[in-house]
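Given next are the chains, with one letter for each unit.
There are 2 protein chains.
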Amino acid sequence: VPPRPPLNEAISDHLARQISTGALKPGNRVPSVRLLSRRFKVSTNTVLHAFARLEALALVEARPRSGYYVRFRSSDALPAPRPGHSRGPAVPLALGERLPGFFRAMRQPGIVPLGAAAPGVELLPAQRLGRLLAKVARVRGASLLGYDPLPGLPVLRRQIARRLAALGASVSEAGVVTTVGAIEAIALALRAVTKPGDAVLVESPGYFGVLQLLRAQGLQAVEVPCTSEHGLDVELAERAMKRERVSAVVVVPTFSNPLGSLMPLDAKRALVSACAAREVPLIESDVYGELPFEGERPLPLVAFDRDGGVLHCSSFSKVLAPGFRCGWICPGRFQPEVEEAKFTQTVATPAVLQAALAELLFEGGYDRHLRALRRALKEQVQKAREALASSFPAGTRVSDPRGGFLLWVELPRGAVDAIELQRRALEHGISIAPGPLFSARDGFSRCFRLSCGHPWSPAFDRAVATLGRLCRA
Amino acid sequence: VPPRPPLNEAISDHLARQISTGALKPGNRVPSVRLLSRRFKVSTNTVLHAFARLEALALVEARPRSGYYVRFRSSDALPAPRPGHSRGPAVPLALGERLPGFFRAMRQPGIVPLGAAAPGVELLPAQRLGRLLAKVARVRGASLLGYDPLPGLPVLRRQIARRLAALGASVSEAGVVTTVGAIEAIALALRAVTKPGDAVLVESPGYFGVLQLLRAQGLQAVEVPCTSEHGLDVELAERAMKRERVSAVVVVPTFSNPLGSLMPLDAKRALVSACAAREVPLIESDVYGELPFEGERPLPLVAFDRDGGVLHCSSFSKVLAPGFRCGWICPGRFQPEVEEAKFTQTVATPAVLQAALAELLFEGGYDRHLRALRRALKEQVQKAREALASSFPAGTRVSDPRGGFLLWVELPRGAVDAIELQRRALEHGISIAPGPLFSARDGFSRCFRLSCGHPWSPAFDRAVATLGRLCRA
Chain A
1 VPPRPPLNEA ISDHLARQIS TGALKPGNRV PSVRLLSRRF KVSTNTVLHA
51 FARLEALALV EARPRSGYYV RFRSSDALPA PRPGHSRGPA VPLALGERLP
101 GFFRAMRQPG IVPLGAAAPG VELLPAQRLG RLLAKVARVR GASLLGYDPL
151 PGLPVLRRQI ARRLAALGAS VSEAGVVTTV GAIEAIALAL RAVTKPGDAV
201 LVESPGYFGV LQLLRAQGLQ AVEVPCTSEH GLDVELAERA MKRERVSAVV
251 VVPTFSNPLG SLMPLDAKRA LVSACAAREV PLIESDVYGE LPFEGERPLP
301 LVAFDRDGGV LHCSSFSKVL APGFRCGWIC PGRFQPEVEE AKFTQTVATP
351 AVLQAALAEL LFEGGYDRHL RALRRALKEQ VQKAREALAS SFPAGTRVSD
401 PRGGFLLWVE LPRGAVDAIE LQRRALEHGI SIAPGPLFSA RDGFSRCFRL
451 SCGHPWSPAF DRAVATLGRL CRA
Chain B
474 VPPRPPLNEA ISDHLARQIS TGALKPGNRV PSVRLLSRRF KVSTNTVLHA
524 FARLEALALV EARPRSGYYV RFRSSDALPA PRPGHSRGPA VPLALGERLP
574 GFFRAMRQPG IVPLGAAAPG VELLPAQRLG RLLAKVARVR GASLLGYDPL
624 PGLPVLRRQI ARRLAALGAS VSEAGVVTTV GAIEAIALAL RAVTKPGDAV
674 LVESPGYFGV LQLLRAQGLQ AVEVPCTSEH GLDVELAERA MKRERVSAVV
724 VVPTFSNPLG SLMPLDAKRA LVSACAAREV PLIESDVYGE LPFEGERPLP
774 LVAFDRDGGV LHCSSFSKVL APGFRCGWIC PGRFQPEVEE AKFTQTVATP
824 AVLQAALAEL LFEGGYDRHL RALRRALKEQ VQKAREALAS SFPAGTRVSD
874 PRGGFLLWVE LPRGAVDAIE LQRRALEHGI SIAPGPLFSA RDGFSRCFRL
924 SCGHPWSPAF DRAVATLGRL CRA
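Protein chains in written order, with my numbering: chain A, 1 to 473; chain B, 474 to 946.
FYI, nobody ran anything at the bench for these hints, they're computed from the structure. Only a predicted model underlies this, so the values are computations on that prediction, with no experimental measurement involved. You may find that some hints are simply not true.
Claimed, not checked - Straight-line C-alpha distance at most 35 Å; calculated DSBU-like pairs for lysine-lysine:
{"no.": "1", "chain 1": "A", "residue 1": "Lys242", "chain 2": "B", "residue 2": "Lys668"}
{"no.": "2", "chain 1": "A", "residue 1": "Lys135", "chain 2": "B", "residue 2": "Lys608"}
{"no.": "3", "chain 1": "A", "residue 1": "Lys195", "chain 2": "B", "residue 2": "Lys608"}
{"no.": "4", "chain 1": "B", "residue 1": "Lys715", "chain 2": "A", "residue 2": "Lys195"}
Just need the whole structure built from these sequences, with the hints factored in.
Here it is as structure tokens:
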């Protein structure tokens, strides 16, 4: 059972809901501190903490000697991006050749990091992980020095299985294989269920890492348009599967990359059934699943799996330690093929890092960390949306995700091409991820992904303002 | 400059050379302790240490009240395996399906580990690595938590480049890309220089990990027979390249896997030239290069490279920490392609592990560790050869490597098939690596690889005796 959120969060969530449903409208006065403290039976200090949080989300503003009022947020007027249409032959961009800025951005010192989908290390429990790493190195050093045998370190697989079982997935410790990040997990899944020349159904726009893997493994992308709110449309996916024979489906159903979309529960259930009925393996990446802004953690596809056809991939890269490169796959009925592929690709996953993460999950406090992280990311995303609303040209569309830390921006007609925008941004020391990366076909040339993983600061406001200026052609 | 070996080693090396050249013959009395202590101007204690070492290598034996005599080693009578001939279509064994014992052996608790090519953790500086890991986690924890940007952690790349430059290779820090073990390095090299359907020249017998990568990437193996003494014959390789168009050559020139062979310097130079002349990229795995039993560390192929056509792959898995999965590639002129493939496959290599290894290399003492490791491995290999000589049927052939820790055993006609031997051995709690793994064609069915990475003990003697019994059909 996850710990109950503190009272101040319960109050701010309550008020945020009233604002989002329209029960409290822009300009309305929010009930007073005294009134709320009486109604919720908490100290005035607790209520003041709740207001501070709503202020950070730009939902309310204090007026001197008058109290708190619901703010008009300029970002509320931002329309959502339109579902993408990509055209042309399915050839993913070569990162190095056709997009030279991509690698340069990663190395440029002092860059404003709006490109890479990484959480700021300030948000991660660096000290605690350092301490645990030192502990396992001291206590179990020698036993962790050899090759970690397949399917991975038992103590970590146990913790992963326990959390998945709590979500209703039939996954046991034996059904978890640890990997070098979620990207290796997806690579192994594809290796296990496809052969070169096969077609694979993917989201459009969809994570470029998946497209690059398809390219590397000689696979064809069948792209299905997604909305920034609900992600993959299952009917469209079924139609595509009728039209073309696909060997697998790859999807990020919860806070997708780049859209940040969330498939509703029914759609998730329907997708699992549709794939099971056709015996098409369903590869799920759930790396953002632990990062909802509000409410319960959305269920992953594997929670609906009944026949082992879902290959559930995830990692600790977006929540604990990108640099540990520690992920996993629950390969369902494809476990033998996945283990063989894992042995061939990297033999094993670093044992000492798995042990440190297992220790952290075992010690407890992980859910508390996740709650703090979710709160921080929600604020960062909201601040980025505000910055976009105030500096980008009219007609700019921006996604409004309910989790994760990615925004998808669609520039109005007449704005600059996204690859040109990336080039100009790099010259100004700012990285972004241009839209054409996220499709194997031509398309999304006026879109880009903005990553809000880092604690917001005036430097980010200035960077967004600069981007707003640069995108005017 | 590597530190000078201690005096007792200088004396034992001197005597070992006299024995191997025949200046001292089996049955001869070795000069007395007193004489040697006078001649080398050292204490009698130092000479006694030198004799202890020669005893451990089964080169001399003490006779009560009479002194030390050159032993007749039964292993000296073991003939070398014959160069292999493999036939049939080039389809590497699927590890999981066609060889179910392979993965089972890795998981079976308490198994006598003669199968996996891993050094015993007792031989590795576990405490020191644990301490350094704790130190870097404490001091640089937060900065090592993010994705390590390509091409890898500068402090480690500097140390790697420094050691390669000392061998005469033109490799700078910028020309090193860190990887998840040498196996990822080879996978990236193949990805960078081939496309599915291409043919790749490999050693026969050759490391099965390479064959599995060819299989995974849709490549064809062109196998060239190797001798257990000198490895790949450059003339045969050139003939094969004339006959068939190959896109790459993959070779383990120094203490190969499984043969333990060492290509002579001239052959190495000739291979680099032959590939350069044909513009065929030459992928070198040098993971055993630091493990000669005597003398200088043999030069890698990259030391002869003049045009960036050698892709030098290696790792710390055989010398420091298999479980850290920390390797590297110096991709020469293919660096952009290799970096792109690295980003696609695993994004980054764990930073904190790279930092701990860099710290160890920087602190010094690495060469001292290597010397102790080489000495231990030499003894283990010799003891395994003795055990084989005394319990295997007449006509058994065994390689006599000059480094590394692998033996290649060829059973006489009428002995059991190696895959059947592996099955029987597993039932007796012993793992070996059967010959057919090491070719993409049928062949080597009466061969197996015996790994001598662990400190020898009576349990290993008993295991080899059991194998000797089991191999009689």
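Okay, the hints, checked on the actual structure:
1. Restraint check for lysine 242 (chain A) and lysine 668 (chain B): satisfied, since their Cα atoms lie roughly 31 Å apart, inside the 35 Å limit.
2. Of the pairs offered as hints, the one joining lysine 135 (chain A) and lysine 608 (chain B) holds, with about 11 Å between alpha carbons and a cut-off of 35 Å not exceeded.
3. Restraint check for lysine 195 (chain A) and lysine 608 (chain B): not satisfied, since their Cα atoms lie roughly 45 Å apart, outside the 35 Å limit.
4. For the given pair, lysine 715 (chain B) sits about 31 Å from lysine 195 (chain A) by alpha-carbon distance, which is consistent with the 35 Å threshold.
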